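Number of protein chains: 2
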Amino acid sequence: MVTFLSGGTGTPKLLDGAAAAFSPDEVTVIANTGDDIELGGLFISPDVDTLIFQGGGLLDRERWWGIKGDTTRTHDALYDIANAVGLEGGPQYLPEERQTEGRDIARWRRFSGIAEFMEIGDRDRAVHVTRTSLLDRGETLTEVTQRLASGFGLTIDLLPMTNDPVASLIHTPEGMMHFQEFWVAHGGEPTVENVEFRGSSRAEPAPGVLDALDDTVVIGPSNPVTSIGPMLSIPGFGAALNDTTVVAVSPFLGDEAFSGPAGKLMQAVNAEPSTEGLATAYPFADAFVVDEGDDAEFGKPVERTDIRIDDRRDAGRVCEAVARAIEAVE
Amino acid sequence: MVTFLSGGTGTPKLLDGAAAAFSPDEVTVIANTGDDIELGGLFISPDVDTLIFQGGGLLDRERWWGIKGDTTRTHDALYDIANAVGLEGGPQYLPEERQTEGRDIARWRRFSGIAEFMEIGDRDRAVHVTRTSLLDRGETLTEVTQRLASGFGLTIDLLPMTNDPVASLIHTPEGMMHFQEFWVAHGGEPTVENVEFRGSSRAEPAPGVLDALDDTVVIGPSNPVTSIGPMLSIPGFGAALNDTTVVAVSPFLGDEAFSGPAGKLMQAVNAEPSTEGLATAYPFADAFVVDEGDDAEFGKPVERTDIRIDDRRDAGRVCEAVARAIEAVE
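Sequence lines, in order, name chains A and B.
Using my numbering, count along the first sequence one by one with no gaps and you end on 330.
Using my numbering, count along the second sequence one by one with no gaps and you end on 660.
Honestly, the hints are just simulated from the structure, not real lab data.
All of these numbers come straight from a predicted model, not from anything done at the bench.
The reader is advised that the hints may include incorrect statements.
Partial list, computed: chain B residues near chain A (C-beta under 7 angstroms) [unchecked claim]:
id, residue
1, Ala407
2, Val415
3, Leu424
4, Ser442
5, Gly443
6, Ala456
7, Ser463
8, Leu465
9, Asp466
10, Glu473
11, Gln476
12, Arg477
Restraint ranges, calculated between C-beta atoms of paired labels, are given here [said to hold, decoys possible]:
id, chain 1, residue 1, chain 2, residue 2, range
13, A, Lys264, B, Gly517, 29 to 37 angstroms
14, B, Arg391, A, Gly69, 25 to 33 angstroms
15, A, Glu193, B, Pro565, 48 to 56 angstroms
Simulated coverage check for chain A against chain B, where a stretch passes if three residues somewhere in it have a Cβ under 8 angstroms from a Cβ of chain B [unchecked claim]:
id, stretch
16, 83-96
17, 131-140
18, 270-280
19, 299-306
Backbone N, C-alpha and C fix where the C-beta goes; we use that ideal spot for every residue, glycine too.
Let the sequences and hints guide you as you build the complete structure.
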């Protein structure tokens, strides 16, 4: 049994090749929920959805989010209406007092649906409506995720990291913004002063998570700060990783992150924005998988391969390196 | 100046011909909101929307609700997902404690979005998302309605009857159900024991409504019980009608209602399910417009014409009869 910790792009790309080294019924994936938001009343769980759509064969693999071939009729109409009515676009937080009302899980990250600042496809939207309505009738995010995963035909076991609200908030000189505003609306441009995982100190690992962390853990090439960081901020999560075998796949090719603002975010939390910084970010890691051109030293076992993942074959190659790294330390 | 009281079909049909007798900038329409619901977190105001889409030239005139040519991608996907996940369809109320949480206006009529029991088009949905987000940032339904009406190019003045929650609940031998469940999901079939307008005793007429009721009032051929009844249940509304000129257009051709369950609902509230019953339902009416084949007697002025409205010309003819009735009593 092996458990992957996943954000929304790097680790899903790696999981494309998991079958090269692991049987699907041995694989559990724990997904980040720090970048979940409520948008126009819908609870959206982007990293969970990427994994569901990937497992269900529906993922838009150009963007690594959303459903391939999806239409955007409602989304486009939201812009038409906002224009007609003279309403501004861009991320708009609901009023302060609304941030902590109603469904708990959406705290501190509630956005207006006016001129919807994230592009939500029409089929994709139906997933969010169904999820939100299941939450509203009292199911946990774990229950909802497992329902959807099974409905979409996933063979792996998919768990959200927690059923409690954890909001990844980015502090910048222009003020605080949720990660989705930082990334989607501002392209990761603002200077990052600090990263806060609001709610995490009172959050608990979701049911099944601590059990899954008893198995060998693979941290995929996801952003250590905003994809894996929210998990590590939950009490008990880091301790569980200390007690098991952990292999971390570098999300860096030298000083460059594969995707997303990993480098910049690492600097903001005082970690080296490169493979070396992984040792700081993941002190519990027993082995690392890094690029063959990367001469980082960790004083721990290292597997080297070409870690760029452009297709399933690349993913398989990296997963084989992961399996070798596990073998070296178990 | 003339003020129409409107539900979702009969009076909008009549308004199609308003220009034959009234200038658009002299017309105010007060819309029923008793059949508004929250569905999958979206606040939906069906009668208001029919009037907005009609005024904006977008209405689906086959159904007299929704936007013509609209697609239903999200709606269809909601069914696909519910099937895949094994979730039941049909109207599903949110849990009891959720009915009175969060935005006040949606009280007692909150439905799950799972396999969405009302068909919401994709562009239509964008209207509901925008409305809901405007409500969530603190605007009243009046403000939201006027924004949308102006954005969609309406020339008439459109007001919701109240900014407070009023829920039209139908008591049947099988239990209580919201009007939309009774009508959309059960086709108006269940036996009606009683009709309740929950919240109305504490509701206030929306800003502008009492002023509009100072003008001559036309009650269109809408359902007296569930379209006009919710308005009459609001304190102050009936008194205002007592003090002004009121002309009521019969929604009955003999014993038959034009559309909808008007006859059955009239019986449930102990009114004659025919033109005669209008005198009971509208004691404040000063004159009536009834069908030329209808020999009902009211002891009040009556204009007779062919009141079936199949097109704009029919609507114009009935509006001319309304104008004559007003002239007869003012």
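These are the hints, each one checked on the structure:
Hint on Ala407/B holds. Least Cβ distance to chain A is approximately 3 angstroms, under the 7 angstroms limit. Because the beta carbon of Val415/B sits about 3 angstroms from the nearest beta carbon in chain A, less than 7 angstroms, this interface hint is met. Against a cut-off of 7 angstroms between C-beta atoms, the interface hint on Leu424/B holds, since the closest Cβ of chain A lies about 5 angstroms away. Interface restraint check for Ser442/B: the shortest CB-CB distance to chain A comes to about 4 angstroms, inside 7 angstroms, so the restraint holds.
Interface hint at Gly443/B: satisfied, since its Cβ lies 4 angstroms from the closest Cβ of chain A, which is below the 7 angstroms cut-off. For Ala456/B, the interface hint holds, since its Cβ comes within 7 angstroms of a Cβ in chain A; the closest pair sits about 3 angstroms apart. A cut of 7 angstroms between beta carbons decides the hint on Ser463/B: the least distance to chain A is about 4 angstroms, and the hint holds. Hint on Leu465/B is violated. Least Cβ distance to chain A is approximately 10 angstroms, over the 7 angstroms limit.
For Asp466/B, the interface hint holds, since its Cβ comes within 7 angstroms of a Cβ in chain A; the closest pair sits about 5 angstroms apart. At its closest, the beta carbon of Glu473/B sits 11 angstroms from a beta carbon of chain A; the interface hint therefore is violated under the 7 angstroms criterion. Checking Gln476/B against chain A by beta carbon gives a least distance of about 10 angstroms; that is not within 7 angstroms, so the hint is violated. Hint on Arg477/B holds. Least Cβ distance to chain A is approximately 5 angstroms, under the 7 angstroms limit.
Distance hint check: the CB atoms of Lys264/A and Gly517/B are about 58 angstroms apart, inconsistent with the given range 29 to 37 angstroms. The supplied range of 25 to 33 angstroms is met by Arg391/B and Gly69/A, whose beta-carbon atoms lie about 32 angstroms from each other. Between Glu193/A and Pro565/B the beta carbon distance is about 54 angstroms. The supplied range of 48 to 56 angstroms therefore holds. Counting residues of the stretch 83-96 of chain A whose beta-carbon sits less than 8 angstroms from any beta-carbon of chain B gives 7, enough to reach three: the coverage restraint holds.
Check result for the stretch 131-140 of chain A against chain B: holds, 6 residues qualifying (beta carbon to beta carbon below 8 angstroms, three or more required). Here the stretch 270-280 of chain A counts 0 residues with a CB under 8 angstroms from a CB of chain B, which misses the bar of 3, and the coverage is violated. Only residues whose C-beta sits within less than 8 angstroms of a C-beta in chain B count toward coverage, and the stretch 299-306 of chain A has 0 of them, not enough to reach three; the restraint is violated.
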